[in-house]
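We have chain A; now place chain B onto it with these hints.
From first to last, the protein sequence lines are chains A and B. Per my numbering, the very first residue in the first sequence carries number 1; after that it's consecutive. Per my numbering, the very first residue in the second sequence carries number 1; after that it's consecutive.
Across the chosen pairs, the derived CB separations fall in these ranges:
#1 Gly69(B) / Asn585(A): 42 to 50 Å
#2 Thr39(A) / Gly69(B): 45 to 53 Å
#3 Glu49(B) / Ser685(A): 29 to 37 Å
#4 Gln101(B) / Glu503(A): 30 to 38 Å
#5 Gln101(B) / Asn37(A): 58 to 66 Å
#6 Ser685(A) / Glu4(B): 40 to 48 Å
#7 Phe29(B) / Asp620(A): 31 to 39 Å
#8 Gln101(B) / Gly543(A): 51 to 59 Å
#9 Ala58(B) / Glu544(A): 51 to 59 Å
#10 Asp613(A) / Gln101(B): 27 to 35 Å
Pairs of lysine-lysine, BS3-like flavour, derived with a Cα cap of 25 Å:
#11 Lys400(A) / Lys443(A)
#12 Lys106(B) / Lys655(A)
#13 Lys98(B) / Lys655(A)
#14 Lys655(A) / Lys104(B)
#15 Lys215(A) / Lys166(A)
#16 Lys391(A) / Lys443(A)
#17 Lys638(A) / Lys689(A)
#18 Lys104(B) / Lys139(B)
#19 Lys663(A) / Lys104(B)
#20 Lys98(B) / Lys663(A)
#21 Lys638(A) / Lys623(A)
#22 Lys663(A) / Lys41(B)
#23 Lys80(B) / Lys150(B)
#24 Lys104(B) / Lys415(A)
#25 Lys663(A) / Lys139(B)
#26 Lys41(B) / Lys655(A)
#27 Lys663(A) / Lys106(B)
#28 Lys80(B) / Lys663(A)
Far from chain A, some chain B residues (derived; all Cβ distances over 12 Å):
#29 Ser23
#30 Thr92
#31 Val115
No wet-lab data here; the hints were simulated from the structure. A virtual CB, placed ideally from N, CA and C, is assigned to each residue, including glycine.
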Amino acid sequence: MSIDLSQFYEVFFEESFEGLDAMESELLNLEPGTPDNETINTIFRAAHSIKGGSGTFGFSAVADFTHVVETLLDQIRDGQRQLTQVQIDLFLQSVDCLREMLSALRDSEEPDTQEAQALKAQFEAILAGDELAGLESNQVTPDDSSNTAVEEESRLGWQIQFKPGKDILKTGNEPIYMLQELGEIGDVELDINLDFVPTLETIEAEDCYFNWDIKLKSDCDLAKVDEVFEWVVDDCEINITPLETLVSAVDEEVSENATELGQAPAAEAITPAVEPENQDSSPAQSAKVTESTPAKKDNAPKNAEASSIRVGIEKVDSLINMVGELVITQAMLTQLSEGDFDKAKLVSLQEGLAQLAHNTRDLQESVMRIRMLPISFVFSRFPRLVRDTSKKLGKQIELKLLGEQTELDKTVMEKISDPMVHLVRNAMDHGLETTEERIASGKSEVGSITLNAFHQGGNIVIEIIDDGKGLNTEKIKQKAIANGLITENSDLTDEEINLLIFEPGFSTADQVSDLSGRGVGMDVVRRNIQALNGSVELASTPGEGSTFTIRLPLTLAILDGQLIRVGEHIYIIPLVNIIESLQINLEDVNCVGGEYDVLRLRDEYIPIIRLFDLFNHEPDSKKMEDGLLVVVEHDNEKIGILVDELLAQQQVVIKSLEANYMKVEGVSGATILGDGTVSLIIDISGAIKLAGLKKSVRRSIEKAVVDLESA
Amino acid sequence: MNIEQLNAQLGELETELQPENMSQYLTFFMDNEEYGIDILKVQEIRGWESTTAIPNSAEYIKGVINLRGTIVPVIDLRLKFSIENVQYTAVTVVIVLKLTQEGKEKIMGVVVDAVSDVHSISDSQIKVSPGLGDNNNSKFIKGLGVVGDKTLILLELNDVL
Numbered sequence: 001m002s003i004d005l006s007q008f009y010e011v012f013f014e015e016s017f018e019g020l021d022a023m024e025s026e027l028l029n030l031e032p033g034t035p036d037n038e039t040i041n042t043i044f045r046a047a048h049s050i051k052g053g054s055g056t057f058g059f060s061a062v063a064d065f066t067h068v069v070e071t072l073l074d075q076i077r078d079g080q081r082q083l084t085q086v087q088i089d090l091f092l093q094s095v096d097c098l099r100e101m102l103s104a105l106r107d108s109e110e111p112d113t114q115e116a117q118a119l120k121a122q123f124e125a126i127l128a129g130d131e132l133a134g135l136e137s138n139q140v141t142p143d144d145s146s147n148t149a150v151e152e153e154s155r156l157g158w159q160i161q162f163k164p165g166k167d168i169l170k171t172g173n174e175p176i177y178m179l180q181e182l183g184e185i186g187d188v189e190l191d192i193n194l195d196f197v198p199t200l201e202t203i204e205a206e207d208c209y210f211n212w213d214i215k216l217k218s219d220c221d222l223a224k225v226d227e228v229f230e231w232v233v234d235d236c237e238i239n240i241t242p243l244e245t246l247v248s249a250v251d252e253e254v255s256e257n258a259t260e261l262g263q264a265p266a267a268e269a270i271t272p273a274v275e276p277e278n279q280d281s282s283p284a285q286s287a288k289v290t291e292s293t294p295a296k297k298d299n300a301p302k303n304a305e306a307s308s309i310r311v312g313i314e315k316v317d318s319l320i321n322m323v324g325e326l327v328i329t330q331a332m333l334t335q336l337s338e339g340d341f342d343k344a345k346l347v348s349l350q351e352g353l354a355q356l357a358h359n360t361r362d363l364q365e366s367v368m369r370i371r372m373l374p375i376s377f378v379f380s381r382f383p384r385l386v387r388d389t390s391k392k393l394g395k396q397i398e399l400k401l402l403g404e405q406t407e408l409d410k411t412v413m414e415k416i417s418d419p420m421v422h423l424v425r426n427a428m429d430h431g432l433e434t435t436e437e438r439i440a441s442g443k444s445e446v447g448s449i450t451l452n453a454f455h456q457g458g459n460i461v462i463e464i465i466d467d468g469k470g471l472n473t474e475k476i477k478q479k480a481i482a483n484g485l486i487t488e489n490s491d492l493t494d495e496e497i498n499l500l501i502f503e504p505g506f507s508t509a510d511q512v513s514d515l516s517g518r519g520v521g522m523d524v525v526r527r528n529i530q531a532l533n534g535s536v537e538l539a540s541t542p543g544e545g546s547t548f549t550i551r552l553p554l555t556l557a558i559l560d561g562q563l564i565r566v567g568e569h570i571y572i573i574p575l576v577n578i579i580e581s582l583q584i585n586l587e588d589v590n591c592v593g594g595e596y597d598v599l600r601l602r603d604e605y606i607p608i609i610r611l612f613d614l615f616n617h618e619p620d621s622k623k624m625e626d627g628l629l630v631v632v633e634h635d636n637e638k639i640g641i642l643v644d645e646l647l648a649q650q651q652v653v654i655k656s657l658e659a660n661y662m663k664v665e666g667v668s669g670a671t672i673l674g675d676g677t678v679s680l681i682i683d684i685s686g687a688i689k690l691a692g693l694k695k696s697v698r699r700s701i702e703k704a705v706v707d708l709e710s711a
Numbered sequence: 001m002n003i004e005q006l007n008a009q010l011g012e013l014e015t016e017l018q019p020e021n022m023s024q025y026l027t028f029f030m031d032n033e034e035y036g037i038d039i040l041k042v043q044e045i046r047g048w049e050s051t052t053a054i055p056n057s058a059e060y061i062k063g064v065i066n067l068r069g070t071i072v073p074v075i076d077l078r079l080k081f082s083i084e085n086v087q088y089t090a091v092t093v094v095i096v097l098k099l100t101q102e103g104k105e106k107i108m109g110v111v112v113d114a115v116s117d118v119h120s121i122s123d124s125q126i127k128v129s130p131g132l133g134d135n136n137n138s139k140f141i142k143g144l145g146v147v148g149d150k151t152l153i154l155l156e157l158n159d160v161l
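Isolated chain A, as found in the complex (with noise of 0.2 Å):
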């Protein structure tokens, strides 16, 4: 019978990514030396079964390049090995190799495998004992050498205590066949133990009772012995043991054979074909790749915006919950509509209703709660970035995360992570001084670097805080003044200085280095952020740090709205948006150039756009005294907006428009409101473009206005 594995394929790459994240996180937590156990354990989990999957699918590569991983992994478990920082930097290189070689066989593409032949080889460097190999460490562990000579020259048997667990049979493994495939491999000689089978009375058909004492007789290495019982290792005790007559004949050509050493026959039995080209490969390829890497990661996040989502159980048992409060709630409607309706029933009608639409709140927002994922998903690639680029940097930084379990929409999520990546390169490159200069201001030489999330309102706040040198004002205008974003009499205050690194075509940067200033800039931050409703605000004080925050709306899907109204017409804006509405006194008002009106509102100028003009609607009354003006603010900007009536707030959810028309310009989507007609959003920023009023026009407004008023 053959199964069409594919259909578990994307069920093993998500299996597979969790597992590869996992050991990254648990991997830098380990620190050299003798490692807490369940951290080491953890990672071998994940690596081992990574292997099995890839194994059962035939991704070859992949289980191969795992099982070398792992075979490390289990010598550092048994302590048979220290752990060297050498060691960790190579599993987290193997982290990556994976990920990627995971990602390419996940879109069907062959997997290059260069780079994981060049890690093997280091790895079966490490396994032979020869850690020097192609990498710059000088820590030799005392017992390598006797380790891997017992595991590789015992080849002329091995003696297995076999010991499956109870439950065995129940997990579908079944001994016979393992024994079979011993037989397979050499002459075996059993011996069964019987010590454990109860007596018929007590017995449990479905248990297993049985442990073998195995004699293997085969020049096989110990992976193929591993390989047998490689499903049903962690409910079996087995022991495998080289045949101890032949121990002491091992231990005298380990000096001999020192030299042949170079590759671990552990992973040569099972690829045979590969080998050979990995001998020579090593130096040469670990070189080359390590040159073509940050290319190829550029690529790797596009393809990982996963197409499912995995929601705890209790999310969803809250949902079914409530669908059957719902079917219930709509019984009794149905009861109510039965017969002839009199007045009695009226009363019982408007409870029933007012728990529908209890019950359907409720579950609108059940369902929302299940695209919400908590942060920590985003947050987790941090650590090793900051590890990376510290040592890439030469500065010492310590990296806090706080509100881990802050949740968000997992549309938003995704599309916040690479913004953040930016902000946090750019605070350790450009933010936190080196070691040198932090002493010589008397800081503590660890720079430190702490993300904050938290709920404020309908938002996420995420706080990104570093306690480096702020930002340089006076570098900034100048810079700002080469590029003719402003000009040298700009009376501009510190924060509008600072605020400037978010234009176009501007980078701080000295020097372009290969973590920041390579013309990616904090536009391209804040115009991500902006795509998604959301703001990035920035404090920095001189010497103590500086502080981006980024506001988000919790969800993509559902905003809350103000309803205006402009003739027939009826919009929706933003809530966030809106600072205030006001009744227009025209005493207030100044025609700027004849083009422009402006508001003066307490000590401000406030550009009004009349909506009718800009939407090409016909208004209840053109005249501004009629209407009432929005005050939205975009930006940092305000800008009043003119309509004819404001009415009810209400949560909107948001539609596309783009799905069946176009985009329209000052308007972002589409709602549907209460009564089934279609409203639009209006999109502030859009509208504000569609108005001409850009910040240059703003400015001068403002200016004609000041002068207008001193003449």
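Here is chain B on its own, set in the frame of chain A:
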């Protein structure tokens, strides 16, 4: 024929086996002229209902409607084809089409005077329309179909938006 009957007929048609080279066309009237559109492109037929205007859009774009939760633009084919505008009446209908634009499927409604019938026309019966000069709208005309003594103007509306 009323809308319910037509919609029912639409449902049946899609399951019927088509002889080779035969296509079925839904025909409709505009200004006493009978037009046809490939029935496989037709999703459903609705009565006219008021739309939500789209700011600064062309005159022939009537706006958007809510089609069971999907936002669907509606265009007036009379206005698009520069035919004299008329008041909408009880028989004015919106034909909801599934069109392909740049490889993506888009749903769109077109307002026409009234729907008429469904005709089977084989490809050989379709005549290339005579060159209509530099008329912008000629690109929407797939050809002329002859059914009995009637001539239908067959439309291809993929890029009408």
